[in-house]
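*Asks:* Below, each chain spelled out in residue letters.
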Amino acid sequence: MTTAPKTPRITDIGPPHYQKFLPPLVKKNYGQWKYHEILAPGVLCHVAESGDRLYTVRAATPRLMAVQTLRKFADLADKYCGGHLRFTSRNNIEFLLEDRNNIEPLKCDLAELGFPVGGTGNSLSNIVHTQGWVHCHSAATDASGIVKSVMDALYDRFTHQDLPAKLRIAMACCLNMCGAVHCSDIAILGIHTVPPKIQHATLPKVCEVPTLIASCPTGAIRPATYEGKPSVELIEEQCMFCGNCYTVCPAMPLNDPEHDGLSIWVGGKVSNARSAPKFSKLAVPFLPNHPPRWPEVVDAVVKIVDVYAKNARKYERVGEWIERVGWPRFFQLTGFEFTRYHIDDFKHAGLTYARSAQIKY
Amino acid sequence: MTTAPKTPRITDIGPPHYQKFLPPLVKKNYGQWKYHEILAPGVLCHVAESGDRLYTVRAATPRLMAVQTLRKFADLADKYCGGHLRFTSRNNIEFLLEDRNNIEPLKCDLAELGFPVGGTGNSLSNIVHTQGWVHCHSAATDASGIVKSVMDALYDRFTHQDLPAKLRIAMACCLNMCGAVHCSDIAILGIHTVPPKIQHATLPKVCEVPTLIASCPTGAIRPATYEGKPSVELIEEQCMFCGNCYTVCPAMPLNDPEHDGLSIWVGGKVSNARSAPKFSKLAVPFLPNHPPRWPEVVDAVVKIVDVYAKNARKYERVGEWIERVGWPRFFQLTGFEFTRYHIDDFKHAGLTYARSAQIKY
Amino acid sequence: MPVFECEGRMYEVDEDGFLQEPERWSQDVAKDFAQTEAIADLTDGHWKVINYIRNYYLQFGIAPMVRKLCKETGYKLNEIYQLFPSGPAKGACKLAGLPKPTGCV
Amino acid sequence: MPVFECEGRMYEVDEDGFLQEPERWSQDVAKDFAQTEAIADLTDGHWKVINYIRNYYLQFGIAPMVRKLCKETGYKLNEIYQLFPSGPAKGACKLAGLPKPTGCV
Amino acid sequence: MDDASNGKPKTELLDQLEEGPWPSFVKEIKAASQGSEKATDLLRQLERSYEERKGHWKHGGMVGVLGYGGGVIGRYSDLPEEFPQVAHFHTMRVNHPAGWFYTSDALRTICDIWERHGSGMTNMHGSTGDIILLGTTTDQLEPTFQELAQNGFDLGGSGSAVRTPNCCVGMARCEWACFDTMKLCYDVTQAYQDELHRPAFAYKFKFKFAGCPNDCVASIARADLSVIGTWKDDIQVDDAEVANYAAAGVDIQKEVCDLCPTKTMGWDGKKLSIDNRECVHCMHCINVLPKALRPGKERGAVVLIGAKAPIMQGALLSSVLIPFVPAEELLDTLKELVKRIWDFWDEYGTNRERVGELIQRVGMPAFLDGIGLEPVPEMVAAPRDNPYIFFETKNGGAK
Amino acid sequence: MDDASNGKPKTELLDQLEEGPWPSFVKEIKAASQGSEKATDLLRQLERSYEERKGHWKHGGMVGVLGYGGGVIGRYSDLPEEFPQVAHFHTMRVNHPAGWFYTSDALRTICDIWERHGSGMTNMHGSTGDIILLGTTTDQLEPTFQELAQNGFDLGGSGSAVRTPNCCVGMARCEWACFDTMKLCYDVTQAYQDELHRPAFAYKFKFKFAGCPNDCVASIARADLSVIGTWKDDIQVDDAEVANYAAAGVDIQKEVCDLCPTKTMGWDGKKLSIDNRECVHCMHCINVLPKALRPGKERGAVVLIGAKAPIMQGALLSSVLIPFVPAEELLDTLKELVKRIWDFWDEYGTNRERVGELIQRVGMPAFLDGIGLEPVPEMVAAPRDNPYIFFETKNGGAK
Ligand code: SRM
Ligand code: SRM
Ligand code: SRM
Ligand code: SRM
Ligand code: SF4
Ligand code: SF4
Ligand code: SF4
Ligand code: SF4
Ligand code: SF4
Ligand code: SF4
Ligand code: SF4
Ligand code: SF4
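Protein chains in written order, with the numbering used here: chain A, 1 to 361; chain B, 1 to 361; chain C, 1 to 105; chain D, 1 to 105; chain E, 1 to 399; chain F, 1 to 399.
Careful, some of the hints might be misleading.
Said to hold, decoys possible - PhoX-like cross-link-like pairs, simulated, lysine-lysine; straight-line CA separation at most 25 Å: (1) E:LYS291 with B:LYS314; (2) B:LYS79 with E:LYS27; (3) F:LYS254 with E:LYS271; (4) F:LYS254 with E:LYS270; (5) A:LYS314 with F:LYS291; (6) A:LYS229 with F:LYS58; (7) C:LYS76 with B:LYS205; (8) E:LYS270 with B:LYS34; (9) E:LYS254 with E:LYS271; (10) F:LYS263 with B:LYS314; (11) C:LYS71 with E:LYS339.
Claimed, not checked - Label pairs and their computed distance ranges (CB to CB): (12) E:ASP251 with B:HIS17: 41 to 47 Å; (13) B:GLN238 with F:LYS339: 56 to 62 Å; (14) F:ASP343 with A:PRO223: 30 to 36 Å; (15) B:ILE13 with A:GLU236: 50 to 56 Å; (16) F:LEU79 with A:ASP306: 36 to 42 Å; (17) E:ASP369 with F:LEU79: 41 to 47 Å; (18) F:PRO84 with A:ASP306: 23 to 29 Å; (19) B:PRO8 with E:GLU336: 30 to 36 Å; (20) C:GLN59 with A:PRO223: 25 to 31 Å; (21) B:ILE13 with E:ASP268: 45 to 51 Å; (22) C:GLU79 with A:ARG222: 38 to 44 Å; (23) A:GLY228 with C:GLY45: 35 to 41 Å; (24) F:GLU336 with E:ASP369: 34 to 40 Å.
Since the hints were made in silico from the structure, they are not lab data. Heads up, the beta-carbon is just placed ideally off N, CA and C, and yes, glycines get one too.
Next up, chain A with everything else stripped away, as it sits in the complex (with noise of 0.2 Å):
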């Protein structure tokens, strides 16, 4: 229960101001670099109008991290930066030097800690990812364990930059997709497919049902009278499982252990580099839930992987590659079975059908 405030309380003072954390180098060549070098996978240098140069080294963490691991990086920041740091928007560490010697030192150190450097340049970087069963309610499965997992496969992806581009892989656990699954070149995505069991004895006491009845894009949820009291029913088959009933009802729960599984999406990406930003596509409705590995997913995405720096040109990103070569070889070389699930029908539908007589044979 919440208790009123003894002291003057401190509120809305916002985040801290970024000058205060600034490195001196970055403080002084702020808005005034000139350009900048790969040097290594992980290893960036970027040299302002000035000639100071800037190393940064970049370190995968899990994102989930336990303070102790945070002031190891502190510790680190310390002995090789100055005490500056900075996390990138990839849940990658960097370390920002000015000292070019203190570069393999301090790689020496994060390798000590288990921590790979890399994720620069046309590489893999960190996998975006979300909370899974490890916070979140609406999870279909675990997002760290699978990131793990796909990420112990694909190491050699991170530290290397042997890639025809960058790649980016997403992971979101449910279908509100918190991160980027939906503009990536590769996803992976948590779905239930089976409806949810509607709770009609608790559903009036914690949900407000002309709200749950709203929430359904497919209008699939009809308000009903169960027992005398408000509630709702189901039309089954137009039921979709994106679980926004759920969202908004306690009484709705989709957590299915047999039915839940994985999706896997490609072609995505947010850069306007070449060609526009575009959604990923589906490539696989449906793997198995298989923790603690996931066995199914860290193959299917391991082989898009390869089947992409096989086959793309430099530069090309996933969804630029296969828009080249076109769907049709995209599941030939992948060997995923092309099904309904794969022809859209939602909302624009139709605007993906093949309306052209332009094919490959």
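For chain A, the structure is supplied; the task is to place chains B, C, D, E and F with the ligands on it using the hints.
*Replies:* For chains B, C, D, E and F with the ligands alone, coordinates are given in the frame of chain A:
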């Protein structure tokens, strides 16, 4: 009033077999053509494996033709082609000659009769069009008159082959778009811009109300009672003047001399050559209905053709050219105003929004 | 508004001869209109079709789709054309007193 | 199911302290719940907000959107936070006896 | 508006459309007026429309010939007193011969029949492909029809029926035809005489046949069932002729290779190489070098479904249904396919719902299930991007 | 499942995730278990989830700190008896410093606070950008919050509020930043403290700032308002450096010119020429030749609107709202713009309708009218292709 048939009636015989009408040379080389050349605008030469050569002279027709004129064509066919001729899918007429020496005399005769020879290769062909005020109840404008006015202005584009690629113009007098307006390089479309005026008195006598209600793409028509009789009401803000209600119910007229007008569309195509088939997109939302020569429409179309002819690369259809240079450039070059009407707000509207940071300045 | 006259009885019709006063319909009216449709006598078969269309119209406000008409009356489409030479829309619906169908019959 | 006890009165609540028996609500219940929300006394201002939310809920089956709440009660959002330190959703709705809002308050 | 002293109608506005180099439809109507008062009143009423900027035809009209449900578009003037000759002014749609070939005799026969029974005005041809005989009265429909029939012509489609199928000139004159468009068009037309003449569908159904991906009948834009010729094996290349084109000034790299949508051609200044595996059969290279390149020898067609104009959910282009049918199997395949499509459409189509819109509404997967066709990736531009998959729950969830 | 004799929980499945070269989150939870029983129970409950293939968190939770409507995600175990230490296990979202820069001290401060009040587990960072402090009890929320505040940190957003804005590293380390992303991100965050902490909208609202079209924060995919740096004038070219790259083996034609989306570059083996009028500012050429090419000098940003994940009408990418705003005008322009957008959204948005979905529903034209912005062709990929134009009828039809 129909009366009972007297003699044994002939029905369901279908069209005459085409073979009866084929010139001997065509029959002989049917399916054995090797290649073709364009000898001059409007003059094709098809060479068969056998070495035979078939010469085609293509002339424009107004499509709307008196039997008197058709007989003249028949006479020409007798004179030069052993009594054979054909029409094309764009309402041109083609004379099929065995003797190359007949080409020039035939051209002279056609010139005398006032039927220009051309429409082949990288030229503008005849305008595919519709009935207009000549015969249709839905027409927001006339078709033949606009076609005549536009083609008078673009005559040289038909008789010369100096365009970047084939150029196809289509004209339809209402949103039913009989013809190929929705996929033409340039399309002229008659439009209504005020909602139908419900004739409550006659409506119940002549219309099926449920069909009427179902006919409206936006659901603007609702059941209502008018003086005790079943009728409908119209949510005017929801009406976008498509006329589909009128098609199913005479008591919903929407012709309106003041507010009917024309719109111009560009960039459609149907061939699969190079790029996939495309829809025409809105260029000018509204131009007034000014018979007999619709100067505003003629100007707008000529403008587009001129700008296209000047700016497109060889083999680039209008839509391909615009996609290369970008729509902002198209509006700059033509001087057409970009308005709120250009931004789609129907069903799949969102898919036309520019979802990238790729912009030209 | 054109008028169709049959043995002194006057009916308000449209140009195509469809009855414009739906409320006036009766079996006799159907008989009168049969003359315009190259139908000599109205047999049971005719009535089966007319009644089905009429009832459908009264219930749903529209003419039935041809497919449905065939299914429910048990007649094949060519049989319907034998009964009503102008076909289900121009012929049968006219006799059933419906407004001119723009839909599917 | 957790229980909230106030001077001997027992309420079935969820983990977050929202009343699970909507039909039991009364002004007294609101007063009891006020203690959990760092509210000393329920003033007219509190009641204005509680009543508005409660009535809205009874009428529409949902909690009002915050914007609407502010507009209709005349309170700015920061004033609502002054009245209910946990805010409109966690505070005011709880006192009004609503289920935990997943929507917009 | 008043008839002038010379006995000819005064048509000041329309007269302006006699000027200019393009053939004039006004001259045509005037020509027909020589033989037909109907044409004269057409001209007069049209002049009125030009003055008032408004059509003068009443809505609809439902007339026809016995035994047929379509083929005639009824029209009545809304100024019958002023223009009595067009008080009734129905058009007859006459099924054209495939490829629009005629003998002069056949053409004259039609002219003669029409001059006797109608206005003498025609459209050669309507947008669907029919011979359009423009303007006659109800009592002339049956006699015209029977005279036409005696001369081997039949009516075309209208209403919720199969419409007159049409096709490009194909093998009759085009070196690129990958199947016999005229034959298939004729055969299909004959096969569906009943469906063409006796509307029984939810809405219209159009077939169009194009011999190659150039699609000279705009089938992909205008047919519920679009059949577009194509080939499966390698493009036939005549190296010597390629060299000739190059010598004659064609910039092979720029005009051919660079415009290939999949950039699958190479040109080293001497030889054109094609990686046919990446060719999407767009026709561009062949179009530019007709003497040097030709479609492959393993020929057939893509079958696509669902094109239509905007009414009512927006225009559609046809989409791929069968990526390749060998030429010799086309007729049988189509017959079997169309049967299943019509069954499904009959079952699930609503009033005035084209098959393309039905597919949009129920979804391609359900449609494929319904007609018993396996999904293949060639059917889609791309797989779905939304995760809203209707897994089959019959068996309780996925797999 | 049972605790083993060594006092450590038995986690056979999770233990398998300690193997392999990639850093292991299981090791992390175990590390935190040293200092926190919460972490231990987290591990145990997670093992249970792995066994049962099912999460063990109850739905939702609505807890927080006084005066704020968001910033905390409530969580309760559905097996509280078995795992009492995670019976309550709320996360706190802490607003990260722009660009995710830290001093080691600041980091340690956070660690210390969290070790005292919570599980000692963190996410560095959440997908929106926050520091996520993972797992504590309701009574610890307020103390944690105040300790953080005393050290200069504030909570982030949750619920129907502005969410923690984030940005790429921008001018701090990147030569391509076309505006100062970190400053703008900070300024915007400060400007909307109230909207961030006190949910008042129909749904969440996210800002993301990327310094150039590479969009290193995925703003176009994940922000309701995406601000992406760009330039208007010519790309700056250093010819000598281009030559150096070529000499060093970069195939300028193939790797640069051929991949330019508008093919607006020419390479004659010596000099790179750019027709900047056709450049769409995609960054590709600059990315490949960072030492030789640079964005122009007239810098600013494109403002785009409406990205979101699929719920509920399908995912959206942001779409162009203002094609170019000069860098120095960005803050003011955004403030004015956002005010009008929020007013419109407040007025017309329904419950849980993101601004992107609102625009889809009412249409971009109506939205533009509502916020008073003129339509420009840069907003669309293409103009409409359907003729269903809602002409304004107030004045009785078009013009
Ligand atoms: C550090 C970081 C920004 C930050 O504020 O944290 C960053 C930093 C740089 N990015 Fe990035 N990008 C960062 C996330 C992204 C993202 C966002 C994401 O992945 O979620 C994207 C969009 C990805 C997408 O399209 O799906 C992104 C797309 C790019 C691109 C365009 C790549 C492409 O060809 O599509 C470049 C250009 C390049 O690499 O040549 C780029 C280039 C760069 C440069 C070279 C910019 C510079 O001159 O400093 C930096 C080093 C890149 C490298 O790793 O090789 N950065 N970059 C992010 C590092 C994430 C990580 O740990 O891996
Ligand atoms: C913690 C975080 C995932 C993570 O592991 O990083 C997260 C976690 C949740 N998200 Fe999210 N979202 C998180 C970033 C995102 C993002 C990415 C972003 O912001 O860049 C997205 C996609 C972008 C977007 O906003 O559309 C995202 C889209 C959603 C959605 C779908 C929203 C939509 O309009 O489609 C929901 C559902 C909802 O709001 O009810 C959602 C709902 C949720 C909830 C609150 C679950 C729920 O049903 O209410 C999750 C709480 C999990 C937990 O137990 O802590 N979360 N969520 C991210 C926030 C951390 C942070 O503050 O830094
Ligand atoms: C006669 C006709 C077929 C018929 O059965 O009637 C025909 C005949 C030929 N077409 Fe066509 N096309 C005919 C309508 C079309 C149409 C349909 C239409 O316009 O409504 C198209 C699709 C147009 C579109 O995309 O909007 C069409 C797209 C083509 C193309 C592809 C052009 C492109 O680059 O997009 C070619 C190839 C070429 O010209 O190089 C072509 C090529 C040809 C060739 C060269 C084929 C051949 O080898 O014989 C013929 C002479 C073409 C010429 O005029 O230069 N034909 N052609 C049609 C003449 C119409 C007319 O009178 O103008
Ligand atoms: C005569 C013709 C136009 C012409 O001048 O050539 C024509 C004329 C009419 N069309 Fe059409 N359509 C004609 C070809 C087309 C085409 C083109 C085609 O078939 O290739 C289309 C577009 C393709 C398509 O089918 O989608 C076409 C799409 C329509 C539509 C919209 C259908 C849709 O699904 O969107 C309607 C409205 C309707 O069916 O109720 C329509 C309706 C009509 C009606 C019957 C008007 C009506 O409201 O019922 C017109 C009668 C005019 C008259 O007074 O004679 N007409 N109509 C064409 C038929 C001639 C022929 O048989 O050869
Ligand atoms: S993706 Fe779904 S399950 Fe995963 S954290 Fe987000 S809301 Fe929770
Ligand atoms: S899971 Fe999604 S589709 Fe199914 S009922 Fe719930 S909201 Fe509707
Ligand atoms: S386009 Fe419209 S007005 Fe013109 S003929 Fe077709 S239906 Fe009639
Ligand atoms: S014109 Fe079209 S939009 Fe308007 S009421 Fe009629 S059917 Fe509806
Ligand atoms: S579609 Fe192909 S085969 Fe038919 S005429 Fe045109 S180019 Fe020849
Ligand atoms: S047919 Fe088209 S796709 Fe195939 S090689 Fe020629 S140009 Fe390329
Ligand atoms: S978005 Fe552009 S400016 Fe920002 S870090 Fe990435 S490359 Fe640099
Ligand atoms: S930035 Fe992109 S569009 Fe502009 S010149 Fe470079 S590659 Fe081409």
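*Asks:* Of the hints stated earlier, which fail here?
*Replies:* 7, 13, 18, 21, 23 and 24
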